Amino acid sequence: MRSATPGDCTAAGAAGAAPALLFAARAALLAAVFAAALATLTAPPAAAQSAQTDLTDRGQVYVFREVSEGLVCQCGCNMVLYVCNHHNCPSATPIRKEIESMIRGGKTKDEILARFVGEHGEKILSAPSASGFNLAAWIAPFMALLFGGVFVLSFLGARRRRAAAAAARAATVRAAPPAYASRVDNEIREIGD
Amino acid sequence: MSDVGNFALILTFGVAVYSIAAALIGARTGRESLVRSAENGLLAAWALVLTASVSLVYLFMKNDFSIDYVAGHSNRALPYFYKIAALWSGQEGSLLFWSFILTTYAAVVVIQNRRQNRDLMPYVVACLFGSILFFNIINLFVANPFAAIGVSGAAGGVELRQPPDGNGLNPLLQHPAMVIHPPILYLGYVGFAIPAAFATAALLRRQRGSRWIQTTRRWTLVAWLFQGCGVILGGRWAYAELGWGGYWAWDPVENASLMPWLTGTAFLHSVIVQERKGMLKVWNMSLVLLTYILCIFGTFLTRSGVVSSVHAFAQSSIGPWFVGYIAVLVAASIFLIVSRLDFLKSERELDSVLSRESSFLFNNLILLAAAFAVLWGTIFPVLSEAVRGVKITVGAPFFNKINVPIGLFLLFLTGVGPLFAWRKTSLPSLKKNFAIPAIAGAVVVAVLVAFGVRHFYGLVSFFISGFVFTTIVSEFARGVAARREGNDENVPVALVNLVRKNKRRYGGYIVHLAIVIIFVGFTGQAFNFETRGAMVPGDRMNVKGYELVLDGIEDRETDNFSAATASIRVLRGGEEWRRLTAEKRMYKSSQQGTSEVSIVATLREDLYVVYIGNTDDGRALIQVYVNPLVSWVWIGAVLMALGTILTIIPEHRSARPARAISGVAGMEHARAGI
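Chains Z and D are the protein sequences, given in the same order. The working numbering numbers the first residue of the first sequence as 1 and each following residue consecutively. The working numbering numbers the first residue of the second sequence as 1 and each following residue consecutively.
Watch out, some of these pointers could steer you wrong.
To be verified - Computed cross-link-like contacts, DMTMM-like style, restricted to lysine to aspartate or glutamate with a CA-CA straight-line distance of at most 25 Å:
hint	chain 1	residue 1	chain 2	residue 2
1	D	K401	Z	E111
2	D	K391	Z	E69
3	D	K401	Z	D110
4	D	K391	Z	D57
5	Z	K97	Z	E111
6	D	K391	Z	E122
7	D	K401	Z	E66
Claimed, not checked - Here are the in silico distance ranges between beta carbons for each label pair:
hint	chain 1	residue 1	chain 2	residue 2	range
8	Z	G121	D	R619	34 to 42 Å
9	Z	G76	D	P163	23 to 31 Å
10	Z	F133	D	P163	43 to 51 Å
11	Z	F151	D	E32	38 to 46 Å
12	Z	T93	D	V282	52 to 60 Å
13	D	Q116	Z	A170	50 to 58 Å
14	D	R619	Z	H120	28 to 36 Å
15	Z	F133	D	Q116	20 to 28 Å
16	Z	E111	D	R388	18 to 26 Å
17	D	I645	Z	R104	53 to 61 Å
Derived by calculation from the structure, the hints in this document are not laboratory data. In this text, all values refer to a predicted model and were calculated from it rather than measured experimentally. C-beta: ideal position from N, C-alpha, C; glycine also.
Whole structure, please, built from the sequences with the hints as guidance.
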């Protein structure tokens, strides 16, 4: 017997086509109003700027942000350089100045990061590089998800096959009594004859 | 008083050893009196640990700085409010506090089960006492909160001394949220010990049914609720106290609290399949034990110093003890599950891949993948150092890149799950059920794109939020429509009755709705705005429609700290809208500085103002963040708590309590939900 959960297709079907259309229209209208309200909050600022740098050029600010989000402050606070807000931080302040100077000198993001890795080691990067052993950091979660997905699908497949086999066995058992009954009928007829 | 505390801890040790032996011998020989004696031992342990905890609080109140822990975490000027909180502010005290919560929970379990679950209780008592004993040993021999300050004397002996004042409480912990955040988080961490103890007892008893699940369902929900609230409160504290404009930094200790919450969420979902269908028994056993092990692992991460963290307030050398305990827990869990596989066979088979059961499994997969991703990122620096000998950092950018897509997929499944029927769903009905939510999501994205929003993950998140929101609302709409038809009720009455008559199902949907709201709040982060200005009194700064006027900087002194306070007026449309005070403090005893931020929260966005310090020429550095939608994170958290509380309240429609029913009948009786 099917369970009458609200998610059940029968429950959905019972609502009928016209109420469903009405509901869809209401949902769409509600969604549009919600989205319009969101849009006023989330529209990107007209000019790029950052509290952490005196750079004003949009492209330079973008590179500054990318670089300083890729580095970790070395004062011991363990914060990403971009968000470290310690006033006159002995680590963040000179590093930011150095980044600004390198950006003004035309260095790219990768060149700047490489320079800091050379100076401080890999620990200054806020995320492991996607190469060598560090690649495992990036790949393992998705590999786990992939293997987990394959496992779940094969588990579900095996369960379904077992359920189908059990259903077939049950059908055979249910079919047995009529055959048995007809044999008995025949035997009774033979005796009667 | 320290002697009283120490003596109570020693007695707890004795009671624990006796009670474990009594419980196990009682179970083996069938002597109920021994089991009862062990249960009474748990009540005695609660009284003893309470005595030790009260003793420590008393020492704080009396400013007894001859005690190392008191001197290290308090000072004379510390407000009484924080002297109580100092109990859990450091290593030794927080471990004692852990023991107190555990013994309190255990005492409630004993009182609840005086007449039921008698076959399980000896093992439950032994398991709980095993955990109590571990923390008691740590408190007695490794991290004793009553240890006196000792200095080497002239004759080579140890002299006791009492400094005139203590070092004070870590300034970052002197915040109202920190008074309630740790206890609530601990109530979560420790709470998972109860379902884990019942699960272990069921394994030891070779119990075939799902009685342990029915017995511990509310315990699990309570632990999950506290854990979730603890995590969110931690975020709230970070937002208000750390002053960097965000509430989640993927710090290892934040991660440690998130992992058991994720696996606990998976357990709460998959356990429904066991209740209804008698399936996934091995899986559920594994999940509940894993969740408890992750709770211990989280405690280990906080305290061992094995990974760098802003929560470094409680590090010491107790790491190896925790590693040993976790190893024992893992080995025992694996052994018990493997050796009891025959008793954990499914009672039914799966009818279709397109079914509610399958959707629960995929939900579990994603939750575990999220937990694994967090665990992997947290421990990867340790692995890197062990394998390559190179120190690396795994910070927020890594976790965001890995977990944002996983989180969005999880949010999607939150909406998809209810669209599937139990046993089997046909493709046409699935398409039909998908249509309206998908249209709603698409309309949200279309309007946002029309307004110029181009942030990819932001748009995906809003699409899924619209989709899931519509799914949940339509569940309520159908239920209300059905009630109105059958009972002639108006909409509000029908809605209230719908929820009241099936708290578990609709409480679960409210939790899902809360998750959508929280995700909308999270997505706001993609559109944060910030700027900084160096100002003198009278200067103005325009930030996204707000005009900030610095009125002045005032110095003030308290016994505990000295502070410089920036008074700022906020104008909107030329009219005064709010007055803010952002402060820089310097705590006297510890000589540590903090920034006390000023936040104006609205449903639309937060105006977040930090007084960073002064420039060399004496101007005040004011940093301003405009963070959209943050309030929705806290609103969603409150709604999540309310929904969970609703699922915990017992249903009244059944004449027989669920725990009285076992086996297939119990599964048939169990209702859908979460």
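Now the hints, each set against the structure:
Distance check on the hinted pair: K401/D and E111/Z sit about 22 Å apart at the alpha-carbon level, within 25 Å; holds. Between K391/D and E69/Z the alpha-carbon distance is near 19 Å, which keeps this suggested pair within the 25 Å criterion. About 18 Å separates the Cα atoms of K401/D and D110/Z, which keeps this hinted pair within 25 Å; it holds. As the CA atoms of K391/D and D57/Z are separated by approximately 35 Å, the hinted pair breaks the 25 Å bound.
For the proposed pair K97/Z and E111/Z, the alpha carbon gap of about 16 Å is at most 25 Å, so the pair holds. Distance restraint check for K391/D and E122/Z: the Cα-Cα separation of roughly 7 Å lies within the 25 Å cut-off, and the hinted pair is therefore satisfied. With a CA separation close to 14 Å, the supplied pair K401/D and E66/Z stays within the 25 Å bound. Take G121/Z and R619/D: their Cβ atoms lie about 36 Å apart, and the range 34 to 42 Å holds.
With their beta carbons about 26 Å apart, G76/Z and P163/D fall inside the hinted range of 23 to 31 Å. Between F133/Z and P163/D the beta carbons are some 48 Å apart, a value that agrees with the proposed interval 43 to 51 Å. Hint check: F151/Z to E32/D, Cβ distance near 44 Å, so the stated range 38 to 46 Å holds. The hinted window of 52 to 60 Å between T93/Z and V282/D holds, with their beta carbons roughly 55 Å apart.
Checking the proposed 50 to 58 Å range against Q116/D and A170/Z shows it is violated: the Cβ atoms sit about 36 Å from each other. Distance hint check for R619/D and H120/Z: the Cβ-Cβ separation is about 31 Å, which falls inside the suggested range of 28 to 36 Å. The given range of 20 to 28 Å is broken by F133/Z and Q116/D, whose C-beta atoms sit roughly 53 Å from each other. Range check, E111/Z to R388/D: Cβ separation about 24 Å, and the 18 to 26 Å hint holds.
With their beta carbons about 57 Å apart, I645/D and R104/Z fall inside the hinted range of 53 to 61 Å.
Violated hints, listed in ascending order, are 4, 13 and 15; each of the other numbered hints is respected by the structure.
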